[in-house]
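There are 2 protein chains.
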Amino acid sequence: MTQITGTTRVYAILADPIHHVKTPQGINNLFQQAGFDAVMVPIHVAPSGLATVLQGLREMRNFDGCVVTVPHKTAVIPMCDALTLEARHIGAANVLHRTADGKLLGGMLDGEGFVAGLRSQGHEPQGLSVYLRGAGGAASAIAFALARAGASRLTIANRNTSKALELIKRISSLYPNLPLSVGSDNPQGYQLVVNATSLGLSEGDALPIDASLLEPKQLVAEIIMQPVETALLRAAIARGCPVHYGAPMLSSQIALMAAFMRGDANMVSDAT
Amino acid sequence: MTQITGTTRVYAILADPIHHVKTPQGINNLFQQAGFDAVMVPIHVAPSGLATVLQGLREMRNFDGCVVTVPHKTAVIPMCDALTLEARHIGAANVLHRTADGKLLGGMLDGEGFVAGLRSQGHEPQGLSVYLRGAGGAASAIAFALARAGASRLTIANRNTSKALELIKRISSLYPNLPLSVGSDNPQGYQLVVNATSLGLSEGDALPIDASLLEPKQLVAEIIMQPVETALLRAAIARGCPVHYGAPMLSSQIALMAAFMRGDANMVSDAT
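Quick note, the sequences are listed as chains A and B, same order.
Residue 1 is where the first sequence starts when you use this note's numbering, and the numbers rise one by one after that.
Residue 1 is where the second sequence starts when you use this note's numbering, and the numbers rise one by one after that.
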């Protein structure tokens, strides 16, 4: 870290709990390398305090933006003054930019980060058939981003089927030509298998899919960063599958987040 | 600076303007030397946004406290949940501690910092006759601290005489045996002459006192840090007076501020 002075611009990450976040390290490292006089600090805020904290941030004139993470990504949506198309369709935001007049603009970069992470490891999603497990905020972002990246077909499997159907409906409104379907816990027949549920975060979690059906050519991807090797990834490796870890989704997103928070015109131009 | 992570405790300084503040450098240096996992950031907030920012800070669970400076020291008083005796009597606070349940406790350390700064330069105020110019927040804090430190008599001179009288009344209620009077712009006859007005901050300001009357044995003290050598100090040096610069008041206060913001029991025990 370079020295913090009265001219340093302030950024934050909002989370509950907060202790495990890794974004400040990544963003501050990027700021330093880029020579920006800026710093990101963690803000631990409970759901009950989120709106009040955002009101305070609006009034901080040297505050430019923040990353928003669990459990605030959905709750923050009605608290924004404007949203990117992506955030609006997904119904969640993971990054905010504060304009000079105190407005908050919400964006959602999880999906773009996931796709950039795949590419950083040499996996081009264009043309791939995709099986996506989960239909929450992260899964929605990834579904939209894979659709935009040119996946050939997309199947969404979720414990709560109506949530999967609802997500499919939202995707089809933007990508009417993409074949979409609801899946079971059987991932057979897809080139890319993505776990976008939280199953695997805790020791002893059930597997998100029936891993005994995985075939050696399928690429199995996680979004969980900790543990690095989830039970699903261990099972996939045991069955001879190539795997994609959770870390690149965040590391590939750091530069995107920094640009969005700073108000990069290309990043925020689709806000309404 | 050491690395900021999800476990780092957050501190701030509230000011408007903010660019000139030097407290983050001092506090962050102290945190690092003490091995605290903590960081202070600047918060630029206008008077109209102060209450909203404080509400937001209450909801930040990893926020422990902040320094409050111009123009917020008086305005913050009714926004605190509790005040130290000193802050209540002075009617201004320059440091807040956030308790674990989101309460804000206000304290005023400017006076204590000024006295500690004098001592750090070998000037013991006990027994000195004092001429104090100014009756605002900083002057009030210094007046109370000099009374507590055992000044033998205290004269307060202010353009607005009723403000000086009002300050004298407040001091006499706590220090009934201290000789107090209202002064003119003539500092003759006092061992310590203190400028606690803002005259000298800007090039071309009028002198706060009639410096042509200064005598070579009088110690002339400033609270202005920038410029380092005000017109008053230059005039005092030209007349052969020893001088005391503005910087020690803040540098001597850094450790006091850090202890207060962190909730040090000795610092906050007189809150009501």
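No lab work stands behind these hints, which were simulated from the structure alone.
Keep in mind that the hints are not guaranteed to be accurate.
Calculated from the model, a selection of chain B residues having no Cβ within reach of chain A, i.e. all distances over 10 Å [stated by the list, open to error]:
| no. | residue |
| --- | --- |
| 1 | T8 |
| 2 | A15 |
| 3 | I18 |
| 4 | P42 |
| 5 | G49 |
| 6 | G56 |
| 7 | R58 |
| 8 | A116 |
| 9 | G150 |
| 10 | R159 |
| 11 | L178 |
| 12 | N186 |
| 13 | L207 |
Okay, the calculated beta carbon distance ranges per label pair [claimed, not checked]:
| no. | chain 1 | residue 1 | chain 2 | residue 2 | range |
| --- | --- | --- | --- | --- | --- |
| 14 | B | P47 | A | P47 | 40 to 50 Å |
| 15 | B | T2 | A | P176 | 24 to 34 Å |
| 16 | B | G263 | A | A34 | 48 to 58 Å |
| 17 | B | G263 | A | L213 | 50 to 60 Å |
| 18 | A | D81 | B | A238 | 19 to 29 Å |
Just so you have them, the derived chain B footprint on chain A, three or more residues with Cβ under 8 Å [stated by the list, open to error]:
| no. | stretch |
| --- | --- |
| 19 | 28–40 |
| 20 | 58–72 |
The structure presented is a predicted model; accordingly, all values stated were derived computationally and were not measured.
Glycine residues also receive a C-beta, built at the ideal position from the N, C-alpha and C atoms.
Each hint tested on the structure:
1. Distance check for B/T8 against chain A: the nearest CB is about 6 Å away, which does not clear 10 Å, and the non-interface claim fails.
2. Listed as a non-interface residue, B/A15 fails to keep its Cβ farther than 10 Å from every Cβ of chain A; the least gap is roughly 8 Å.
3. Listed as outside the interface, B/I18 is inconsistent with that label: its C-beta sits roughly 5 Å from the nearest C-beta of chain A, within the 10 Å cut-off.
4. Residue placement check: B/P42 does not keep its beta carbon more than 10 Å from all beta carbons of chain A (closest about 5 Å).
5. The claim that B/G49 is not at the interface with chain A is violated, since a C-beta of that chain comes within 10 Å of its own (minimum 3 Å).
6. With a closest Cβ-Cβ approach of about 2 Å to chain A, B/G56 is found to fall inside the 10 Å limit, against its non-interface label.
7. Residue placement check: B/R58 does not keep its beta carbon more than 10 Å from all beta carbons of chain A (closest about 7 Å).
8. For B/A116, the shortest C-beta to C-beta distance to chain A comes to about 23 Å, beyond the 10 Å cut-off, and the non-interface label holds.
9. Interface exclusion of B/G150 from chain A stands, the closest Cβ pair being 36 Å apart, more than 10 Å.
10. No Cβ of chain A comes within 10 Å of the Cβ of B/R159; the nearest lies about 29 Å off, and the non-interface call holds.
11. Its beta-carbon lying about 37 Å from the closest one in chain A, B/L178 satisfies the requirement of being farther than 10 Å from that chain.
12. Every CB of chain A is more than 10 Å from the CB of B/N186 (nearest about 37 Å), matching its label as outside the interface.
13. With a minimum CB-CB distance of about 28 Å to chain A, B/L207 clears the 10 Å threshold, and the non-interface call stands.
14. Our hint of 40 to 50 Å for B/P47 and A/P47 is violated, since their Cβ atoms are close to 30 Å apart.
15. In this structure the hint that B/T2 and A/P176 lie 24 to 34 Å apart at CB is violated, the actual value being about 52 Å.
16. Hint check: B/G263 to A/A34, Cβ distance near 36 Å, so the stated range 48 to 58 Å is violated.
17. The hinted window of 50 to 60 Å between B/G263 and A/L213 holds, with their beta carbons roughly 56 Å apart.
18. Our hint of 19 to 29 Å for A/D81 and B/A238 is violated, since their Cβ atoms are close to 57 Å apart.
19. Three residues within the 8 Å Cβ limit are the bar, and the stretch 28–40 of chain A against chain B gives 3, so the coverage statement holds.
20. Coverage of the stretch 58–72 of chain A by chain B holds in this model, with 6 residues showing a Cβ closer than 8 Å to a Cβ of that chain against a need of three.
Violation of the numbered hints given earlier is confined to hints 1, 2, 3, 4, 5, 6, 7, 14, 15, 16, 18; the remaining hints are satisfied by the structure.
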